Amino acid sequence: VARVWDLSRIAVGFSYFGLGGWVLAACVLPLQRLVHRWRGRDDADLRAQRTVHAGARSFLGLARRMGLVQVEWRHDAAIDRGPVLVVANHPSLIDSPIFAARMRQVDFLVSPAWSTNPWLRGLVTAAGYVRTEDGAASVQEAAARLRAGRSVVVYPEGTRTAPEGMGRLHRGAAHVALEAGCDLLPVWIRTTPRTLMKGQSWTDYPAASRPRWIVEVGAPIRPAEHLDGSEPRALAARRLTGILRDWFEARSGREAREAGIGAAPADAAGKPSRAAGRRGAAGGDAVR
Amino acid sequence: VSAPASDDDLLGLLRRLFALEFEIPAEEVVPEAHLVDDLDLDSVDAVSLAARLEEETGVVLEEEDLKAMRTVASIVETVRRRIAGSPDRAS
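For the protein sequence lines, the chains are A and B, in the order given.
Start counting the first sequence at 16; every next residue gets the next number (our numbering).
Start counting the second sequence at 56; every next residue gets the next number (our numbering).
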């Protein structure tokens with residue numbers, strides 16, 4: 016009976032998430048865009064982001080009331096001092112709704128998998144999220160948003176974090192910071208128990224243990240404190256990404272120790288960087 | 056701008072640029088090295104590499120050229136052909 020109750024709660028919560036996202040993407044946002052343009056306004060994407068913000072808040076509010084999700088932000092005052100360039104790990108499917116619910120305006124960098132997803136394409140387009148098909152162009156675009164006073168969220172792994180730990184970090188976030196002349200605001204998302212990972216079905220959602228998302232905002236990483244300014248841009252991006260990687264590895268190691276499974280997962284996560292030295296700063300999967 | 060003539064000259068130039076721009080040791084910059092898998096280049100690196108190559112050789116690399124380049128050898132091939140004045144591109 017408990018399992019049936021859990022499954023019903025999960026079904027309601029995720030239907031709200033999935034259908035709500037689709038209704039926003041396919042109906043509400045396109046209509047809103049039309050009306051906005053008809054009124055002669057050119058900031059339809061910002062209007063759409065406020066709608067996404069409201070949608071994400073309502074979803075998380077419902078999920079919290081149903082006992083499905085707990086979200087706890089820590090040291091997050093910096094988020095409100097925006098514009099900020101948030102660089103986060105990406106353990107679960109609902110990390111972006113968590114950011115969207117917390118931030119009234121946020122430009123996500125979205126991978127082609129999301130921007131071409133028929134379910135979400137409309138949302139990505141309407142909200143004007145930055146597509147990463149062309150790495151160099153997306154860096155310029157994200158930097159332009161920051162210079163215009165908009166906040167940007169980047170998942171430097173380019174995909175959801177694997178169960179065994181963080182993957183290689185792309186250098187895009189560092190390039191954006193260098194291009195925009197801004198700090199990197201590292202954010203560590205911890206989910207206990209781990210759930211909604213890539214490839215995991217919603218039916219496996221551990222509703223009974225009421226999963227908890229702790230979102231910890233770190234101290235800003237200021238490029239000027241780590242670079243002397245004479246490095247070529249590509250090298251500067253490698254150094255900054257190395258600092259980011261160390262920040263993430265420290266948290267991933269701590270999380271592994273607290274989970275009582277020793278340092279092994281942290282080592283696994285760190286192996287690419289230590290084994291390959293400068294390569295650990297990691298790059299894209301293709302020279303696009 | 057003096058354009059290097061031979062493949063060896065071009066490989067030497069690439070080794071110098073890779074060390075300067077990306078701190079990649081010269082011994083790793085071998086013709087068969089894959090730009091992404093072995094040398095960890097990304098799209099932004101490719102653009103800055105193209106700019107440096109243009110400064111050094113006068114050869115302008117188009118976006119399609121960059122996309123076609125997979126290995127160090129393919130950069131050498133593309134630049135050499137351009138210097139020789141052939142419109143053919145290495146693949």
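These aren't lab readings, by the way, just hints derived from the structure by calculation.
Quantities reported herein were computed from a predicted structural model and do not represent experimental measurements.
Hints are supplied without guarantee of correctness; some may be wrong.
Unchecked claim - Pairs of lysine to aspartate or glutamate residues, derived as EDC-like cross-links and limited to a Cα-Cα distance of at most 16 Å, are as follows:
id : chain 1 : residue 1 : chain 2 : residue 2
1  : A       : K213      : A       : E156
2  : B       : K122      : A       : D149
3  : A       : K213      : A       : E179
4  : B       : K122      : B       : E78
5  : B       : K122      : B       : E132
6  : B       : K122      : A       : E148
Stated by the list, open to error - Far from chain B, some chain A residues (derived; all Cβ distances over 10 Å):
id : residue
7  : A59
8  : V154
9  : L250
10 : R272
Glycine included, every Cβ here is placed at the ideal spot set by N, Cα and C.
Tested hints:
1. A:K213 / A:E156: Not OK: A:K213 and A:E156 at ~27 Å, beyond 16 Å, violated.
2. B:K122 / A:D149: Holds, at roughly 11 Å.
3. A:K213 / A:E179: Given pair A:K213, A:E179 holds - Cα atoms ~12 Å apart, limit 16 Å.
4. B:K122 / B:E78: violated (22 Å)
5. B:K122 / B:E132: holds (14 Å)
6. B:K122 / A:E148: holds (13 Å)
7. A59: holds (29 Å)
8. V154: Per Cβ check, A:V154 is inside 10 Å of chain B; nearest 6 Å; violated.
9. L250: violated (6 Å)
10. R272: A:R272 clear of chain B: closest Cβ-Cβ about 29 Å, beyond 10 Å.
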